[in-house]
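Going down the list, the protein sequences come from chains V and S.
First residue of the first sequence? That's 3 in my numbering, and the numbers climb one at a time after it.
First residue of the second sequence? That's 10 in my numbering, and the numbers climb one at a time after it.
Incorrect hints may have been included.
From the derived model, a few chain V residues whose C-beta atoms are all more than 10 Å from chain S [as the list claims (entries may be wrong)]:
{"id": "1", "residue": "Met32"}
{"id": "2", "residue": "Thr76"}
{"id": "3", "residue": "Thr81"}
{"id": "4", "residue": "Ala94"}
{"id": "5", "residue": "Leu114"}
{"id": "6", "residue": "Ala123"}
{"id": "7", "residue": "Phe147"}
{"id": "8", "residue": "Arg150"}
{"id": "9", "residue": "Val152"}
{"id": "10", "residue": "Val166"}
{"id": "11", "residue": "Leu197"}
Heads up, incomplete: computed chain S residues facing chain V, CB under 10 Å, no partners named [what the hints assert, rightly or not]:
{"id": "12", "residue": "Arg58"}
{"id": "13", "residue": "Trp60"}
{"id": "14", "residue": "Gly69"}
{"id": "15", "residue": "Leu247"}
Rather than coming from a laboratory, the hints here were simulated on the basis of the structure.
Every residue gets a Cβ at the ideal spot worked out from N, C-alpha and C, and that includes glycine.
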Amino acid sequence: MPQLLCGALEKVINSTLSLDPKQATALQQMDQQALTLQLQELPFAMAFMVSQGQVLVMATRIEHSCYLATDISTLPKLTKPELLPELIKVGAIEIEGDIQQAQRFAQLGQSLDIDWQQQLAQHLGDVPTHYLTKIMQKVRQKARFAKRQVEQDASEYLLYEQPVLVNQAVTDDFNRQVSTLAADTDKLEQRLNQLKQSLIAKE
Amino acid sequence: MTIDKNSTTDFGYKQVKTEEKEQLVAGVFHSVAQQYDIMNDLMSFGIHRLWKRFTIDASGARPGNKVLDLAGGTGDLTAKFSKIVGANGQVVLADINSSMLNVGRDKLRDLGVVGNVDYVQANAQALPFEDNTFDIVTIAFGLRNVTDKDEALRSIYRVLKPGGRLLVLEFSKPEHELLNKVYDFYSFNILPKMGDIVAKDGDSYEYLAESIRMHPDQETLKAMMETAGFEQTSYHNLTGGIVALHKGFKF
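Modelling step: build the complete structure from the supplied sequences, incorporating the hints.
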């Protein structure tokens with residue numbers, strides 16, 4: 003049911019926006035502005051309207067709002083104005099109304115700056131949040147190191163243990179040999195041509 | 010309006026004197042007002058929120074509109090309409106029952122829904138508004154409690170602006186017989202018990218189940234709207250016809 007999706011989306015959007023106090027000003031400036039979005043992946047249009055500091059999501063098309071028809075993969079590109087002419091030209095988006103209105107909605111999400119530590123501290127308390135954050139940082143560092151290590155080990159294995167891949171020096175040497183062979187072939191061709199010419203002259 | 014002293018009407022499955030129905034319905038809603046929202050969530054498993062969302066989506070409301078939420082009860086539709094119509098619009102939450110209106114007013118004020126909402130105690134059969142006042146009138150789960158539904162529809166038609174629309178969200182007749190049987194069992198066996206436990210008032214919820222069965226089915230209500238003057242009338246069944254949204258325009 004479209005209403006279930008819109009209701010859930012409305013809840014998620016407003017909960018997320020409320021975590022960043024700076025969004026209140028942006029929402030105030032966008033009061034009563036609306037965007038109707040028709041995604042190719044969905045059989046119904048969704049309207050987003052800003053009102054009283056919240057975003058309403060409805061399964062309908064709001065008259066006189068900016069109307070945008072596109073697909074989910076193209077949506078992130080809307081935040082880059084320089085891509086719009088090309089997207090319209092290739093038919094990736096169809097726009098009716100004020101495109102800046104659509105971009106303002108897209109930028110709402112892009113400008114989100116949430117202090118997760120502060121949000122977590124409200125539920126867990128300052129000290130547990132501090133420890134949890136430190137643990138998370140260590141886990142992240144270890145994960146990054148492990149990723150690098152796995153990549154390195156994998157390439158060494160493929161190069162030396164199971165020589166499926168070749169390193170750069172071998173590739174360069176092979177390319178040099180191919181160039182030398184090409185040059186030798188050219189010289190031989192020239193020599194043959196000269197011999198052919200001298201034979202014709204003797205006849 | 011003149012009422013024939015001997016005429017009767019339905020109050021659930023009972024036949025009562027026409028002039029008594031208003032008082033009896035008022036008694037039901039005075040009794041359930043405080044637990045109304047909780048009971049709605051429990052009885053419908055929260056689906057009533059989706060039915061109301063569907064009504065909002067189908068209303069075509071836009072900034073600046075004037076909306077009448079008739080039998081608005083605890084103000085679920087009003088809260089949403091208030092945000093859509095914005096500062097230049099207006100929403101009137103009207104209910105015949107003062108207890109429901111008080112609960113609705115307190116709830117909306119607590120939610121911060123103020124500024125463009127007015128509260129009016131009004132009888133749907135004799136709306137205290139000038140002709141051609143509203144762009145949209147909604148009546149959600151209220152029409153079946155009205156004594157004279159035809160008169161209420163005529164009254165709504167009068168206060169709508171030309172081009173305006175009425176949306177009636179109301180229990181209706183399930184489309185499939187199996188669903189009808191399950192629904193009957195739930196309505197007459199489980200629902201009054203839930204009412205008894207949560208709202209301490211099983212009788213009121215027995216009335217609810219009975220009043221739903223006595224309410225006109227989809228086609229009959231559509232015909233009643235047309236008789237009252239509405240045009241381009243249509244209905245959309247929700248949850249297999251347990252609820253239907255009727256829509257009609259005044260031109």
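How the hints compare with the structure:
no.	hint	verdict
1	Met32	12 Å, holds
2	Thr76	25 Å, holds
3	Thr81	26 Å, holds
4	Ala94	27 Å, holds
5	Leu114	22 Å, holds
6	Ala123	26 Å, holds
7	Phe147	47 Å, holds
8	Arg150	48 Å, holds
9	Val152	47 Å, holds
10	Val166	56 Å, holds
11	Leu197	88 Å, holds
12	Arg58	7 Å, holds
13	Trp60	8 Å, holds
14	Gly69	7 Å, holds
15	Leu247	9 Å, holds
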